[in-house]
Structures are given as structure tokens and as C-alpha cells.
Amino acid sequence: MSSDASRGPHIGVLALQGDFDAHKIILEQLGARVSLVRKPSQLEPLAGLVIPGGESTTLLKLMQYFPDWWPEFQRFKDNGGAFFGTCAGMILLAREVTAPAQKSLGFLDAKVERNAYGRQKESFEEVGQWADGRPLEMVFIRAPRLCEIGPEVEVLASHNDVPVFVRQGKIYAASFHPEINGVSDLHKIFLDALAE
Amino acid sequence: MEQGTLRVKTGLAEMLKGGVIMDVTNVEQAKIAAEAGAVAVMALERIPAEIRKHGGVARMTNPGLIKEIMAEVSIPVMAKARIGHFAEAQILESLGVDYIDESEVLTPADDRYHIDKFAFKVPFVCGARNLGEALRRIGEGACMIRTKGEAGSGDIVEAVRHIRAITSGIRTLTLLREDELMTHAKELGAPYDLVCWVAKNGKLPVPNFSAGGIATPADASLVMQLGAEAIFVGSGIFLSEDPPRHARAIVQAATHFKDPEVLLKVSEDIGEPMRGINVASMSPDELLQTRGV
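Going down the list, the protein sequences come from chains A and B. Using this note's numbering, you'd call the opening residue of the first sequence number 1 and step up by one each time. Using this note's numbering, you'd call the opening residue of the second sequence number 1 and step up by one each time.
In short, the hints are calculated from the structure, not lab data. Watch out, some of these pointers could steer you wrong.
[Claimed, not checked] Just the calculated beta-carbon pair ranges, DEER-fashion:
{"#": "1", "chain 1": "B", "residue 1": "K121", "chain 2": "A", "residue 2": "D68", "range": "29 to 35 Å"}
{"#": "2", "chain 1": "A", "residue 1": "A131", "chain 2": "B", "residue 2": "A71", "range": "57 to 63 Å"}
{"#": "3", "chain 1": "B", "residue 1": "R164", "chain 2": "A", "residue 2": "A131", "range": "45 to 51 Å"}
{"#": "4", "chain 1": "A", "residue 1": "L36", "chain 2": "B", "residue 2": "L176", "range": "29 to 35 Å"}
{"#": "5", "chain 1": "A", "residue 1": "G118", "chain 2": "B", "residue 2": "I91", "range": "38 to 44 Å"}
[What the hints assert, rightly or not] Straight line, CA to CA, 35 Å or less: simulated DSBU-like cross-link-like pairs of lysine-lysine:
{"#": "6", "chain 1": "A", "residue 1": "K39", "chain 2": "B", "residue 2": "K31"}
{"#": "7", "chain 1": "B", "residue 1": "K186", "chain 2": "A", "residue 2": "K103"}
{"#": "8", "chain 1": "A", "residue 1": "K77", "chain 2": "A", "residue 2": "K170"}
{"#": "9", "chain 1": "B", "residue 1": "K265", "chain 2": "A", "residue 2": "K121"}
{"#": "10", "chain 1": "B", "residue 1": "K200", "chain 2": "B", "residue 2": "K186"}
{"#": "11", "chain 1": "A", "residue 1": "K111", "chain 2": "B", "residue 2": "K186"}
{"#": "12", "chain 1": "B", "residue 1": "K200", "chain 2": "A", "residue 2": "K111"}
[To be verified] Far from chain A by the CB rule (all over 12 Å, computed), these chain B residues:
{"#": "13", "residue": "E2"}
{"#": "14", "residue": "K9"}
{"#": "15", "residue": "L16"}
{"#": "16", "residue": "G84"}
{"#": "17", "residue": "Y99"}
{"#": "18", "residue": "N130"}
{"#": "19", "residue": "G141"}
{"#": "20", "residue": "E187"}
{"#": "21", "residue": "A199"}
{"#": "22", "residue": "Q225"}
{"#": "23", "residue": "K265"}
{"#": "24", "residue": "L287"}
{"#": "25", "residue": "R291"}
Just so we're clear, the structure is a prediction, and the values are computed from it rather than from any experiment. Ideal Cβ positions, reconstructed from N, Cα and C, are used throughout, including at glycine.
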């Protein structure tokens with residue numbers, strides 16, 4: 001764990017595949033120190049890890065090619081490391097994945113349905129809501145849907161009454177893509193939580 | 001609710017970064033690609049090397065085949081329309097493919113105009129050999145650019161030429177004075193506002209991928225080190241000796257493109273790559289890259 005107060009926490013962005021650069025840019029704008037993570041050994045010094053949007057099946061395959069990923073993720077979490085997953089990242093964090101069923105880390109007590117909002121032509125942007133009712137811009141791309149969440153999962157934002165940004169302890173997950181808007185309050189919430 | 005916005009359309013291309021998009025011609029190949037970790041598949045009746053051999057007119061793939069592949073894999077499915085053939089593109093959009101490649105690999109339907117890609121909800125990728133061509137396609141609404149390279153050749157030289165031309169073209173613009181940009185826009189044959197955007201931001205406004213001759217993990221690493229953000233592999237997988245192993249190796253190479261140790265490991269024991277054709281031995285009328293510039 002390293003967290004240099006003057007420079008913000010040290011965050012990793014999983015860079016196996018996906019829009020990791022977009023996350024990196026936003027986190028750096030918010031004052032975090034950011035490393036791209038391509039090997040399990042790179043997790044050690046980090047306070048938190050962002051798992052970006054991308055293709056969850058591709059991410060899974062790339063993790064299988066280096067079998068150390070699974071135990072290292074678990075160890076990172078057990079040592080107090082935080083996670084923030086968007087879209088594919090949320091799928092990997094969930095307890096259960098459907099359409100089709102696939103392996104996941106199970107750090108978030110939730111069931112997630114892949115591509116539940118349809119194919120690319122059904123992808124959309126719309127204004128949803130923070131838990132307190134404030135508006136929040138959301139971009140959904142072949143997005144997964146949270147269909148069940150456990151009692152310890154707190155809903156931070158929703159769209160048409162479906163939870164789209166949730167938290168369980170130090171695990172944060174969003175089904176949309178705050179990273180492609182160029183600015184993101186979600187990332188700020190994640191960093192603020194790490195600073196506490 | 002807004003669909004088909006620029007943000008939603010380029011957004012999917014952002015999600016494909018660092019990945020490998022593989023050409024497949026049937027359900028079996030689509031499964032092999034997905035199993036290896038392809039980030040998307042391109043559904044085709046023939047891979048580019050076979051299109052070359054086959055001759056005749058190459059058209060949009062039969063929608064029935066695309067549908068079967070869409071039903072089989074959970075990753076995005078792309079399909080090609082002929083350059084300028086907006087009716088083929090309308091059919092593909094209606095079918096629900098996730099990306100349309102307005103591609104020089106198929107026989108062009110219009111020798112003067114490309115498709116108005118803003119008119120579609122589904123995003124388009126187009127090929128380019130240099131910055132001017134890339135910006136013309138973006139000006140028409142393309143949400144992803146890929147190098148043309150020379151499809152079906154298995155020879156990386158053209159993809160290298162094209163990615164270098166695009167990235168050095170971008171670097172040049174960033175060094176110019178503002179009062180020089182209009183003349184450069186004229187010389188590039190590119191929209192002035194896009195030339196100004198690139199000069200200011202030092203990159204294309206959409207993701208920049210590479211295609212056209214990638215046949216080995218080392219080829220993947222080469223174009224990515226030269227600035228490509230993801231790759232398309234057409235004939236390189238299914239004309240190799242051991243397609244599943246080759247596919248897995250290239251997927252890993254796209255992620256670990258800067259890590260020679262991983263590249264070494266994945267390059268061992270993958271069998272023979274596709275045989276290929278030396279592009280320098282081809283006559284100009286055999287080249288696909290000069291279509292639709």
C-alpha cells in the first residue's frame with residue numbers, strides 16, 4: 001500500500017485489453033499516480049485497481065494465460081486493496097455472470113447479465129440519477145445489467161430504477177462508462193474513499 | 001434516450017483497444033477465435049487471401065452466415081460492406097452487426113463516393129494509407145480507422161508503411177504554426193477542422209487500429225509499437241498451420257506488445273504462419289489498398 005498524500009494514491013489500471021487509457025487520463029487529472037498493470041507482479045504497490053471496459057471474455061482469456069492472476073487478485077483484495085470496475089470490469093467483479101455463464105472474481109455480491117441492453121445499435125446515452133436524485137450522464141455500450149444485488153451492496157446511482165453504480169466495502173462497479181466522458185465524479189468518489 | 005451518437009459509436013472502438021479482431025468464415029472458426037480471446041470477429045464468406053485467389057466480384061457476406069455467427073459468440077460481430085454500397089450497409093445495420101467495415105477487400109460499388117456513415121446508428125471502420133485518407137473517412141463519419149496494409153498478403157510491409165505514414169503525418173501537424181494548417185489541409189485533401197483538431201491533440205479523433213498483412217505475434221507487436229491501438233488479423237490465423245494456437249499467441253502479443261519475454265514465449269511452437277505473398281512482387285492492379293482513397 002502506498003499513498004503519497006501530496007500526489008494522491010497510487011492506482012493501477014488493468015491494461016490487458018480495453019479502454020484503460022481513458023481511465024488513466026481521468027485518474028491523473030484527479031491527482032492520482034497511475035500505473036498500467038499487465039502482469040500480476042505489478043499489483044503489489046497499489047492502493048486500488050481499476051478494471052476497465054473491454055471484452056470480459058478476452059480479459060478472462062488473458063488472465064488464464066498467466067495463471068497467477070486469480071490468487072494475486074485475491075491477495076490484493078485481502079490486503080485491503082480497492083477495486084473499481086466499469087462494464088467488463090463489473091462483470092469480472094461479480095459473484096455470478098449469465099448470458100452466457102462465465103468465470104468471475106466474485107468480489108461483488110451481485111448477479112450480472114451480459115449484453116443485457118442489446119447489441120451495439122441499441123447502445124445509448126441517457127441521463128440517469130445519483131441515489132439523492134441528482135442527474136448523472138451515462139453512456140451504455142453493449143452494457144451488462146445488475147439483476148440481483150446482495151444486502152451489503154449499496155446503490156450509488158441508477159437508471160430507470162436499475163442499479164448502475166454500486167459499492168460493497170472497497171469494491172466499486174458501474175455498468176456504464178464514466179471514463180469516456182472525459183470527466184467523472186465516480187472516479188473522484190473512488191479516490192476519496194481510498195484517501196480515507 | 002439517444003442511440004448512435006458519436007460517443008456511443010466511437011465508444012465501442014475504445015473498448016476494443018489492445019485486442020485482436022479476427023476474420024472468420026464459419027461458426028467453427030468464430031468459436032476458435034472467441035475461445036482464443038479475440039475481442040471481436042469479422043464475419044466473411046472468404047478470408048482476403050481466398051478472395052484474391054477466387055477473383056470475380058467480392059460482395060457483402062450472406063446475412064444468413066453472419067446471423068449464425070452472431071448467435072454463436074458473445075463478442076461483437078463485424079461485417080464488411082463494399083465501398084460506397086450504402087444499401088449493403090443498411091442491410092447489415094438492420095441485421096444488427098456491431099460494426100461495419102467499409103472495406104477495400106470487397107469490390108468497390110462506387111468509384112467516387114464513400115458511404116455517408118453519419119446516416120447510420122451502427123459505427124463504421126474504414127481503411128486508410130495515410131493521414132489525409134484517414135481524415136477524409138472520419139469526415140464522412142468513420143468511428144475507427146485501420147491501416148489498409150495489403151489484405152491477404154501476409155506481408156507486413158504495407159501495414160508498416162501506412163501506420164508510419166499516419167503517425168508521422170500526425171506528428172508533423174503538431175509542429176506547424178496555425179497559419180500553416182490550411183495549406184496542409186489542402187495538401188492532405190483533408191477537412192480543415194479535423195486537421196486543426198489533430199494539430200492540437202496530437203492523435204486522431206477516433207481509435208487507430210492496424211490491418212493488412214499481420215501474420216505472426218511479432219507482426220502484431222511491430223504495428224502496435226508503431227502506434228496501432230489494436231489489430232485486425234484476416235488471413236493470418238486460419239491460413240496458419242495451427243489456427244487455435246496461432247490465435248492465442250497473437251492475442252497475447254497484442255497485450256504484451258512491449259514485452260519481448262512474453263513475445264518470445266508465445267512465438268515458440270506455434271507452427272508455420274501463412275505462406276503469404278511478397279507485396280513487392282505484385283503488379284499494381286493486384287493491390288487492394290488503392291481502392292477507395
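Here is how each hint holds up against the structure:
no.: 1; hint: B:K121 <-> A:D68: 29 to 35 Å; in the structure: 42 Å, violated
no.: 2; hint: A:A131 <-> B:A71: 57 to 63 Å; in the structure: 38 Å, violated
no.: 3; hint: B:R164 <-> A:A131: 45 to 51 Å; in the structure: 50 Å, holds
no.: 4; hint: A:L36 <-> B:L176: 29 to 35 Å; in the structure: 31 Å, holds
no.: 5; hint: A:G118 <-> B:I91: 38 to 44 Å; in the structure: 19 Å, violated
no.: 6; hint: A:K39 <-> B:K31; in the structure: 27 Å, holds
no.: 7; hint: B:K186 <-> A:K103; in the structure: 53 Å, violated
no.: 8; hint: A:K77 <-> A:K170; in the structure: 9 Å, holds
no.: 9; hint: B:K265 <-> A:K121; in the structure: 39 Å, violated
no.: 10; hint: B:K200 <-> B:K186; in the structure: 18 Å, holds
no.: 11; hint: A:K111 <-> B:K186; in the structure: 54 Å, violated
no.: 12; hint: B:K200 <-> A:K111; in the structure: 44 Å, violated
no.: 13; hint: E2; in the structure: 5 Å, violated
no.: 14; hint: K9; in the structure: 8 Å, violated
no.: 15; hint: L16; in the structure: 7 Å, violated
no.: 16; hint: G84; in the structure: 21 Å, holds
no.: 17; hint: Y99; in the structure: 7 Å, violated
no.: 18; hint: N130; in the structure: 24 Å, holds
no.: 19; hint: G141; in the structure: 15 Å, holds
no.: 20; hint: E187; in the structure: 30 Å, holds
no.: 21; hint: A199; in the structure: 19 Å, holds
no.: 22; hint: Q225; in the structure: 14 Å, holds
no.: 23; hint: K265; in the structure: 10 Å, violated
no.: 24; hint: L287; in the structure: 31 Å, holds
no.: 25; hint: R291; in the structure: 26 Å, holds
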